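**Student:** Following the hints, put chains B, C and D in place on chain A, whose structure we already have.
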Amino acid sequence: MEPMTLRAVGLCAGIPTQKGEIRAVNDVSIDVPAGSIVGIVGESGCGKSMTARAIMGLMRSPARMTGGEIWLNGRDIARLPERQRRALRGSEMSMIFQEPMTSLNPVMKVGRQVAEAVRLHANVSRQEADRRAVEMFEAVGISDAASRARCYPHQLSGGLRQRVMIAMAMVCRPKLLIADEPTTALDVTVEAQILRLMRNLCDAGTSILLISHNLGVIAQLCDYVYVMYAGRIVEQAGVIKLFDHPAHPYTRGLLNAVSSLRRGGERLDTINGVVPNLLRLPEGCSFSLRCDACEARCAQEMPELREIAPGHKARCHLAEREAWS
Amino acid sequence: MKQSLLRRFIQAVIVLLGVALMIFIMLRVVPGNPVATMMGEHADIDTIQRMTAELGLDQPIHVQFARYVLDALRGDFGTSYSMGKPVSQLMAAAFGNTLALAVAAALFAWVVGIACGIVAAVRKNGLLDHLFMGFSLLGVSMPVFMVAMLLQYVFAYHLHWLPISGVDSWKGYILPAIALGWNSAGSVARLVRSTLLDVLQQDYIDTARAKGRGQPGILVLHALRNAMLPVMTMMAMQLSSLLSGAVITETVFSINGIGRLAVQAISGRDIPLLQGTALFTTLVVVLGNLLADSLYAVLDPRIRREA
Amino acid sequence: MRLNRQRQIVEAHDIRLESQIGEAERFGDLMRRMARENRLAMVSALVILLFILGAVFAPLLSPYSASEMDMLHRLSPPGAGHLLGTDEGGRDILSRMLYGSRVSLLVGVVPTLLSMALGAALGMLAGFAGGWIDALVMRLADIMLALPSMLLAMVIMYTLGDGLINVFLTLSLVNWASVARIVRSQTLSLKKSEYVEAARVIGVKRPVILLRHILPNCLPTLIVLFTLNVPAAILTESSLSFLGLGVQPPNASWGLMVNVGRQYLYNAPWLSFVPSAAIMLIVLAFNFLGDGLRDVLDPHLKNN
Amino acid sequence: MAHRFANRSRRMARQAAFMLAALLFAAVLPCSAEAAEDGLLRAAILYDISTMDVAKTTDNYMIPMNVFDRLFETRMVDGTAQVVNSLCEDCSVSEDGLTYSFTLKDGVVFSNGSALTASDVQYSFERLLIAASENTDIPLEVVGGEALMNGEADALEGFNVKDDTHFSVTLNAPNAGFMAELSAPAMSIVDAETMAQVENFGSEPADTIGTGPYIVTEWVANDHYTLVANDRYWGEAPSVKKVIVRVIPDAGTQNLMFQNGELDIIDLQNLDSAIVESAYKPVYGDRIVSTPKVGLTYLTFNEKKDYLSDVNVRRAVGMAIDVDAIITGIYSGNAIREYGIIPTGIWAHNDALTGIEYDPEGAKALLREAGYAEGEISFELSMDSAADSNAQLVYQYISQFLDAVGIKANIKSYDHSAWINLRMSGEMDSFLARWGMDYNDPANIMFTFFGNERNTAQRSLNYPDAATMARVAAASAIVDDAGREAEYQALEQKIIGEDAAWFPLFEELHLYCLGERVAEFIPHWAGFSDFYAADVTLK
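If you're matching them up, the sequences are chains A, B, C and D in order. According to this note's numbering, the first sequence is numbered sequentially starting from 4. According to this note's numbering, the second sequence is numbered sequentially starting from 187. According to this note's numbering, the third sequence is numbered sequentially starting from 27. According to this note's numbering, the fourth sequence is numbered sequentially starting from 140.
Don't read these hints as lab results, they were simulated from the structure. Among these hints, one or two may not hold up.
Cβ-Cβ distance ranges computed for the label pairs, FRET-style [as the list claims (entries may be wrong)]:
hint : chain 1 : residue 1 : chain 2 : residue 2 : range
1    : D       : ALA335    : B       : THR238    : 24 to 30 Å
2    : C       : GLY187    : D       : ASP490    : 47 to 53 Å
3    : A       : VAL12     : C       : LYS231    : 39 to 45 Å
4    : C       : ARG232    : A       : THR192    : 44 to 50 Å
5    : B       : ALA239    : C       : LEU109    : 58 to 64 Å
6    : B       : ALA279    : D       : ASN549    : 40 to 46 Å
7    : B       : GLN275    : D       : GLU513    : 56 to 62 Å
8    : A       : GLY70     : C       : ILE159    : 55 to 61 Å
9    : C       : ARG232    : A       : ASP30     : 51 to 57 Å
10   : B       : ARG214    : C       : TRP158    : 41 to 47 Å
11   : A       : ASP190    : C       : PRO242    : 26 to 32 Å
12   : A       : GLY70     : B       : VAL406    : 33 to 39 Å
13   : B       : LEU345    : C       : LEU109    : 29 to 35 Å
14   : B       : LEU345    : A       : VAL127    : 48 to 54 Å
No experiment lies behind these values; they were computed from the predicted model shown. The C-beta atom is built at its ideal place from N, Cα and C for all residues, glycine as well.
Just chain A, same shape as in the assembly:
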């Protein structure tokens, strides 16, 4: 097995409320092999962002990780004390967010914000850190990097700001980059540039865990994909196999919603119903209420995430039949 940058096993996270514990992430296991780009896709609220934050250890209180192991480059970092866990952030693993507009400190020059990442993890002088920051700006394709470094966030466009975020994340050469909806807030042309940049980073040796609800981005960039629904992984497979032979009705529903655009004209296929309330999940399969192929068994018994083909798992009793057709 090629070396694994990230192995998350049985990740669980939840939000305590008066009405009980919301299990936002429920027994999620994700592997990110070195040098590959792995995607997590699902409707908003399915727990994909929470999973990413759990891995980085950036849970927003009162949400908290309740179980599971996180192996980063062969070391379980889940139980590390905060001080050591913090030392990893920015150096071994880093993260970029969806909203470039508000993800940068408005009152600090962008160059300094990137240099800060350097000084946090490398014992170098301020000038050296600034130099590396400017160098990183050029690496992520920011023209006239030196003067741009002296600007403030509100003086830069959305695309530029996202490049700054990427520069900040990559400046310490982390092994793993987690990107939570990196291009959602950008227009298509800028999105393409950012995706190309991420592909280059991957080729340069950084594995990427991409979180997105956009199947197009996933298809274009990822090698392997996990589909999440209501806090659980319902299907995982190589990108080609997933798009050609979706085994789980939910995945098929997602793909139909996108593919119908190509057929042009008719009404969009939608998955009827709404994402269920995590506090009152139905018995059995969480997707049962919205699943067309729902049978009595689905309503009573939660299906296992079974291997239905090499490297292809699905959490559905009827998964095998679907795979062949």
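**Tutor:** Just chains B, C and D now, kept in the frame of chain A:
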């Protein structure tokens, strides 16, 4: 920047003239003859009328105002009716004490206020949060004289640690500064907590954490600077109100400050002293706000062109 | 298949119902949610209600007449006869507190709200409009901050009379400037944020932007300023009474009782402590209620 | 690498905490009140004096009394206030009571060495009429005073100097109280030569030169002033060598400083009588000195206003007020009941005089007979918010008494200037005030309030009876004492007994408390807060 400073200077002069004029008009509306008050119970009407004429108080208002402004430009702020001394001399002596007291009170207020505000925000709804917010509300709702007298009673009278009254030594400033600063500390703590809580929800805080910055670093380098803008405005106003004197604290600790002079001037309708203290307060307020406005740009680059 | 179909219809039906009830029910729901989640806010609302009831039913509740002087029991400590003791004139402090709360609660809340409204409006206008409007409003604020407030109070009294309305007017005029400056400073940074510029781009009229976008973000600061200005207003009212504006002896307000109690602080401290404690209690109540409201209304804090 | 950064901040925090603790500890070293040097008397006043020039004040008398002398002084001699010689060695009055011939004490010098001469006395009289002075009424009694004041003359005609130590003064009209008036602080003697050279007499200590037992060495506005014994003093050297009077504007602070041994004398009138009863009498009983504050606390009726113009209403108000309850309740017994105009301690005071007694039912009956319905009568009790706490309590107590008989007395507070302004305009309905006697003569109060139509209007009394007021003015001129005393007492009976023009309440006692370092203290004869430092003997 220079152009806007010139504009602000002109506006400051207008404000000074505005306040001086309004005070003259106000004194016309409000009953009370300074000479009668100054001469007390035993004076009779003839003497009062004679003295009023001598001081030129029976002149029409615009004449008095014009004469006052011309004298002021020459640096002669007139002689106080009730104190018999030149206003500028009285103000100079009193301002020394008020400045020292204001600086001491502001330091105490802001150090304690910001510290409590941060801890209360970080430990939101924890024990410390309620404790500090309780203290700050205690500070805001307890009248200043009560804080001053209790401090004086316990630390000066009973424990003899500090002098009961008078500021001949620097130790004399400790209790008044705490009494005066206590209320401001409460307000600053409340506002810092509220704005900090707001800022800590922002996305760039997550980015900082993602970079591996620890909580203290995040607080000082990222959160506080963004949270300080409204707080700094409040602090600028607190400083100018401290600098325009704190009559109650000055009274309890027998400090000859601008606050007592101002109150004496109003209740005695001592026009020259009243004008002197009011113009001084205006200067302090205008400079304080000018300082605050120009610091905005330093603190928040988005406003750089605006301020 | 049919089993499933019926279930889906029922679910769809629920969704439609919820959206129709809409706004009205939502506020009630917010209040219930606040009640459930924030007990402190509910207790505070109760305390405020108690104070209001105390003020309204003062004649029924007070054991003695508020101005009946009984010099034999002068300055007697809280005890059997008088629950909260008697003041320098031998009058029952509990009765005076109940009657005094009428003025003090009004004086604490009404002018503070007025000055907040005026200050917030002018502050937002100044911050948002900039240019000469900003200069005009801010210099007006400078003048108000610089003018001696006692002189201003006397001018209002001798021109408009000494009724309670003029006490409100005086306190509002004195307090709006500080609120305006703080709201202006916040507006300056808020107006640069993306959603405000987005709103401007699609042609939203300026007052709507101020009300719908800027004001909600100033809410936390305004609530804090409110809880800071209420006690200040109650205490300042007493200095107005000395000038003849507002409450006149033998009536009393909390502020007046606190200040008159000053001379007896060493041998009859309850004269000042009782009204001061009441002011503290009412301020605590407003503070926690304000926090509760802010947590419920503020979108940011909704998720935790 | 990351840890190094964390360590450094932790180390810095530890150092800061250590420094803070050291600083706090240094500040906390106990500092006891510095021991007072012997011969020093430490006193305190609530409000700073406004001037040292006696011409420009009618109440700041501490410096004039200690730094200057007068021709005569009023001293307590075996229980009564007597006019005794001071700078004047001997004085004789002409038959018609108009001309007074004086012999000055010889060899007296001012504190700067300049000799005291008769021309200095003349200058002191004339100065009160030329400079912007407040005390013109006494020198105006001298012939030519009016002319000098109006600039028609350049010297006081009625004042002629025979030689350095002899001069005579001729009055426009005989005034038996003239010698008493010359003992008033306003008639302090200044040095003509010095006054010609200095510009800041009265505001600069160095320029304020007198012949008194002390010289003023320091005056810091709103902070303190210092008196030091005058080694050139003509009289007996005082026991107190140095006096520091500090401005302590808060009575509570004065109380703490006294009990902490930082003050040698405290004026108890600034503290509420309840505090004096509970904190001072039980603890310092023997060291409390009490003397009548020679003067009168009175309630006025403005006879121009409706209801108050009716004598029955005025009498009913008097009958409704229980003055003894006020004296015991609010002043804890530290006051003497008064029934007339001339207060206890002043010549011609009539001990036998009785007045309106407390009779609420009688008051109601009187009002009914006079045709007033219950609660019909109402007037304003105007209160000066600067009045001391006891007075403000009396206002409320009186309002309650009047309410009991159906009279609505609504209290309204005024700030000090506004109150004086309203009173002098003659429009104030009714108010409570205290008149302190300046010198021991009935005219000082009788003439001021009922001397003429303008005086009584200026005090918002508006007493209508012009004939009686004429008699009051004339009474000053009666030469023989017995006749003058009888006239004043008859006038008192008419104005108060019959017309009830005002309602006299009491004469307060003035209480002082002495620190351990003070052996004996003789207060001012009229109970002023200001005192002769020479009358204090230290242990």
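**Student:** Which numbered hints turn out to be false for this structure?
**Tutor:** 3, 4, 10
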